[in-house]
Amino acid sequence: MSIVPAATPPLLQVSDLSLHYQTRQGEARAVDGVSFALQPNEAMVVLGESGCGKSSLARALLRLLPRNVAHYSGAVHFEGRDLMPLGEEDFRATVRWQRMSMVMQAAMNALNPVVRVREQVAEPLRIHSKWSREKALARVGETFGLVGLAPDVLDRYPFELSGGMRQRVVLAMALVTAPPLVILDEPTSALDVLTQAAIMNVLKRIKREQDISFILITHDVATSSEIADRVALMYAGQIVECSPARDFFHAPRHPYAQLLMASVPRLRQPEAPGAIPGTPPSLLALPAGCRFADRCPQRFARCDQPPPTFHVDGSTVRCWRFAPEGAP
Amino acid sequence: MTQSPPRTPLLEAEDLHTWFELRRFGFVRIGHVRAVDGVDFALYPGESAAFVGESGCGKSTLARTLLGLHPPTRGQVRIEGHPLPPRMGRKARLEHCARIGFVQQDPYGALPPFMSIRQILSEPLRIHGTTSRNERFARIDKALTEVNLRPAADFLPKFPHMLSGGQQQRVVIARALLLAPALLIADEPVSMLDASVRVEVLRLLRSVQRERQLSLAFITHDLSTVRHFADRIFVMYAGKIVESAPVDALLDTPHHPYTRALIDAIADVDADNALSERAIPAGEPPSLVHPPTGCRFHPRCPEFMAGICDVQVPTMQPVAHQHAAACHLYDKPKEP
Ligand SMILES: Nc1ncnc2c1ncn2[C@@H]1O[C@H](COP(=O)(O)OP(=O)(O)OP(=O)(O)O)[C@@H](O)[C@H]1O
Ligand SMILES: Nc1ncnc2c1ncn2[C@@H]1O[C@H](COP(=O)(O)OP(=O)(O)OP(=O)(O)O)[C@@H](O)[C@H]1O
Ligand code: SF4
Ligand SMILES: [Mg+2]
Ligand SMILES: [Mg+2]
Numbered sequence: 001m002s003i004v005p006a007a008t009p010p011l012l013q014v015s016d017l018s019l020h021y022q023t024r025q026g027e028a029r030a031v032d033g034v035s036f037a038l039q040p041n042e043a044m045v046v047l048g049e050s051g052c053g054k055s056s057l058a059r060a061l062l063r064l065l066p067r068n069v070a071h072y073s074g075a076v077h078f079e080g081r082d083l084m085p086l087g088e089e090d091f092r093a094t095v096r097w098q099r100m101s102m103v104m105q106a107a108m109n110a111l112n113p114v115v116r117v118r119e120q121v122a123e124p125l126r127i128h129s130k131w132s133r134e135k136a137l138a139r140v141g142e143t144f145g146l147v148g149l150a151p152d153v154l155d156r157y158p159f160e161l162s163g164g165m166r167q168r169v170v171l172a173m174a175l176v177t178a179p180p181l182v183i184l185d186e187p188t189s190a191l192d193v194l195t196q197a198a199i200m201n202v203l204k205r206i207k208r209e210q211d212i213s214f215i216l217i218t219h220d221v222a223t224s225s226e227i228a229d230r231v232a233l234m235y236a237g238q239i240v241e242c243s244p245a246r247d248f249f250h251a252p253r254h255p256y257a258q259l260l261m262a263s264v265p266r267l268r269q270p271e272a273p274g275a276i277p278g279t280p281p282s283l284l285a286l287p288a289g290c291r292f293a294d295r296c297p298q299r300f301a302r303c304d305q306p307p308p309t310f311h312v313d314g315s316t317v318r319c320w321r322f323a324p325e326g327a328p
Numbered sequence: 001m002t003q004s005p006p007r008t009p010l011l012e013a014e015d016l017h018t019w020f021e022l023r024r025f026g027f028v029r030i031g032h033v034r035a036v037d038g039v040d041f042a043l044y045p046g047e048s049a050a051f052v053g054e055s056g057c058g059k060s061t062l063a064r065t066l067l068g069l070h071p072p073t074r075g076q077v078r079i080e081g082h083p084l085p086p087r088m089g090r091k092a093r094l095e096h097c098a099r100i101g102f103v104q105q106d107p108y109g110a111l112p113p114f115m116s117i118r119q120i121l122s123e124p125l126r127i128h129g130t131t132s133r134n135e136r137f138a139r140i141d142k143a144l145t146e147v148n149l150r151p152a153a154d155f156l157p158k159f160p161h162m163l164s165g166g167q168q169q170r171v172v173i174a175r176a177l178l179l180a181p182a183l184l185i186a187d188e189p190v191s192m193l194d195a196s197v198r199v200e201v202l203r204l205l206r207s208v209q210r211e212r213q214l215s216l217a218f219i220t221h222d223l224s225t226v227r228h229f230a231d232r233i234f235v236m237y238a239g240k241i242v243e244s245a246p247v248d249a250l251l252d253t254p255h256h257p258y259t260r261a262l263i264d265a266i267a268d269v270d271a272d273n274a275l276s277e278r279a280i281p282a283g284e285p286p287s288l289v290h291p292p293t294g295c296r297f298h299p300r301c302p303e304f305m306a307g308i309c310d311v312q313v314p315t316m317q318p319v320a321h322q323h324a325a326a327c328h329l330y331d332k333p334k335e336p
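Going line by line, the protein sequences match chains X and H. For the first sequence, this note's numbering begins at 1 and goes up steadily by one. For the second sequence, this note's numbering begins at 1 and goes up steadily by one.
Only true hints are included.
Short derived list, chain X residues pointing at chain H, Cβ under 7 Å:
{"no.": "1", "residue": "S50"}
{"no.": "2", "residue": "A106"}
{"no.": "3", "residue": "G163"}
{"no.": "4", "residue": "S189"}
{"no.": "5", "residue": "V193"}
{"no.": "6", "residue": "T195"}
{"no.": "7", "residue": "A197"}
{"no.": "8", "residue": "A198"}
{"no.": "9", "residue": "F249"}
{"no.": "10", "residue": "R266"}
{"no.": "11", "residue": "P273"}
{"no.": "12", "residue": "I276"}
{"no.": "13", "residue": "L284"}
Each computed EDC-like pair below joins lysine to aspartate or glutamate, with the alpha-carbon atoms no more than 20 Å apart:
{"no.": "14", "chain 1": "H", "residue 1": "K158", "chain 2": "X", "residue 2": "E27"}
{"no.": "15", "chain 1": "X", "residue 1": "K204", "chain 2": "H", "residue 2": "D272"}
{"no.": "16", "chain 1": "X", "residue 1": "K204", "chain 2": "H", "residue 2": "E284"}
{"no.": "17", "chain 1": "X", "residue 1": "K207", "chain 2": "H", "residue 2": "D270"}
{"no.": "18", "chain 1": "H", "residue 1": "K158", "chain 2": "H", "residue 2": "D141"}
{"no.": "19", "chain 1": "H", "residue 1": "K142", "chain 2": "H", "residue 2": "E211"}
{"no.": "20", "chain 1": "X", "residue 1": "K130", "chain 2": "X", "residue 2": "D90"}
{"no.": "21", "chain 1": "X", "residue 1": "K204", "chain 2": "H", "residue 2": "D270"}
{"no.": "22", "chain 1": "X", "residue 1": "K135", "chain 2": "X", "residue 2": "D155"}
{"no.": "23", "chain 1": "H", "residue 1": "K91", "chain 2": "H", "residue 2": "E123"}
{"no.": "24", "chain 1": "H", "residue 1": "K158", "chain 2": "H", "residue 2": "D106"}
{"no.": "25", "chain 1": "X", "residue 1": "K207", "chain 2": "H", "residue 2": "E277"}
{"no.": "26", "chain 1": "X", "residue 1": "K204", "chain 2": "H", "residue 2": "D268"}
{"no.": "27", "chain 1": "H", "residue 1": "K332", "chain 2": "H", "residue 2": "D310"}
{"no.": "28", "chain 1": "X", "residue 1": "K204", "chain 2": "H", "residue 2": "E277"}
{"no.": "29", "chain 1": "X", "residue 1": "K207", "chain 2": "H", "residue 2": "D272"}
{"no.": "30", "chain 1": "H", "residue 1": "K142", "chain 2": "H", "residue 2": "E123"}
{"no.": "31", "chain 1": "H", "residue 1": "K332", "chain 2": "H", "residue 2": "E303"}
Listed next, with one range per pair, are the computed distances between beta-carbon atoms:
{"no.": "32", "chain 1": "X", "residue 1": "H128", "chain 2": "H", "residue 2": "P291", "range": "35 to 41 Å"}
{"no.": "33", "chain 1": "H", "residue 1": "P83", "chain 2": "X", "residue 2": "K130", "range": "57 to 63 Å"}
{"no.": "34", "chain 1": "X", "residue 1": "R205", "chain 2": "H", "residue 2": "V289", "range": "24 to 30 Å"}
{"no.": "35", "chain 1": "H", "residue 1": "G31", "chain 2": "X", "residue 2": "N112", "range": "19 to 25 Å"}
{"no.": "36", "chain 1": "X", "residue 1": "A251", "chain 2": "H", "residue 2": "P45", "range": "45 to 51 Å"}
{"no.": "37", "chain 1": "H", "residue 1": "P83", "chain 2": "X", "residue 2": "Y157", "range": "30 to 36 Å"}
{"no.": "38", "chain 1": "X", "residue 1": "A150", "chain 2": "H", "residue 2": "E95", "range": "43 to 49 Å"}
{"no.": "39", "chain 1": "X", "residue 1": "E89", "chain 2": "H", "residue 2": "S207", "range": "50 to 56 Å"}
{"no.": "40", "chain 1": "X", "residue 1": "Q22", "chain 2": "H", "residue 2": "F114", "range": "17 to 23 Å"}
Worth flagging that the hints you see were computed from the coordinates, not collected in a lab. Note that the Cβ used here is the ideal one computed from N, Cα and C, for glycine as well.
The task is simple: from the sequences and hints, build the whole structure.
Given below as structure tokens:
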């Protein structure tokens, strides 16, 4: 866990962020009142079941929104500035890619197969920062070194590269502008364990050597423990627990976090891994009370009401079990 | 599996090679990418086999070659004993593919963007002659529920881009199962799913495979669940199969040094993981254009024996019951 004095202002402060999509049957509340803060040089991992809103949260932060947005609100303070009032033009010129970049889910399959990788990696500099070609290519060369790609890869086409190499290329693309915050959406889920470990080693090294923060979105709990300072667990559009990594991995608090940690498959376990019974609620028709109540082994009468977020020893937990004694 | 395997394998590859021409400026030939470079294996009816291996070692190319989507450069694919013609016309290929279910690696490219999920899933049923609309809808509903997309009604009118990565992946699996194939080839079918949903989808595949005596060949990176969902594992390295064994034997007593490295790299959850870098074999994945001489793993191998490993190509040697590895550590001594 990073030892950050409490006085350091957060790099990113998100309050009550929501992103709802319009669908034929109603509004899908993919991100629904999310709040958290991220410190400089901190790595926060966002975990959660498929479809719980992890990529949507990333999209909301970077404002890469689809056309059918029904509702987008909240406050995002980044580097001491409120981003929400910024117009799209300003946001593009001063924030996206410049100060906050992203490796999108499955991005390594989205590289243009017929353009040399160095041109593709230079793109954010050429288009967003308006650098000259020479200057941009020199910087691309440096970034390749940073992610551990040999210089001869610069001249190749994506189809000539292995999955692990392509993943490093898209990582280089996100790092090339040297932003203080990089959001990584499932950067290793398509890779074998050795290549996964190599990519995580690269991220660890970059984090150690540079003043950079990561938001790492993943469903892979074991991989997430390679870099996490803190873990935020999402369920049905909300963060239900946000804890220092050590607490989360070894003593999770929220009932869902406990079931999740118990369901993580281990190589040497003899019995078949178990699944968490039940399915998450439809984002179109969320229950009135706790969103996890349907599947929760610890539910009690109070859970018919929506739980607020409680603060417990450096963690936040959205669960009635953690209501302070004597509170209403 | 394997009390006494039936005599004819459902799917066989013999000395299979798939090479891609590498060109500069679109026309100057400068070499070949040897993506699949001498693969032999057999898959019996009702058997489930997992293929594992480094990114870029040729797993997807092997899958696509088995499906007839790439013509093999050399060697042969046989289905129920019948060789696939080396070059198939479009029609022959479509017929061939219709008998084999395929879940392709990247779900984002697998679903037609302008069709709703309902339309996408109706298609295979229509092909199979399910004419009643109600019956089609009932089966689609069941298929979505089985892959844990519930309530199904939420997903039916959506277009693929309105689904999350893992949701798209499950639609692709549901579609493949609706076609009721005898053989399903799945290329990392659950890579985008969290542990809990992954287990449910793998259980579904396993039960369908057992009920219908379906043969399943799936590519996976997830060695921690594979034990429970496959009978046999094939480990690939740089275009070749380097180890093959029943799943427990492979995970408990891996023989090839590459397999050992792969298994050692699996991390169990621990906050201490973040404190140090993970030890992995030094060196880069091998070039498939100029693969290393001798054993292709030799530049990274902790057991490297100079003069042998960099010179002679190892062949598959039996190391235990139904367990073989291609590594000079297991060569029979010349003088007994
Ligand atoms: N454009 C859209 N229109 C309507 N619904 C959408 C749209 N995009 C996403 N959704 C829905 O919003 C929910 C959250 O999607 P999101 O992609 O954020 O999930 P995720 O947590 O990233 O999942 P995964 O782990 O599978 O990638 C999903 O239920 C999805 O179906
Ligand atoms: N059409 C093609 N032309 C040239 N080279 C190709 C082509 N398709 C694949 N390759 C190369 O063949 C090799 C094997 O690729 P393949 O996609 O089969 O690997 P893989 O094992 O599936 O990897 P991953 O785990 O990343 O999916 C790679 O080096 C790749 O760049
Ligand atoms: S609020 Fe109640 S139902 Fe929800 S997680 Fe806590 S105990 Fe379970
Ligand atoms: Mg996602
Ligand atoms: Mg592949």
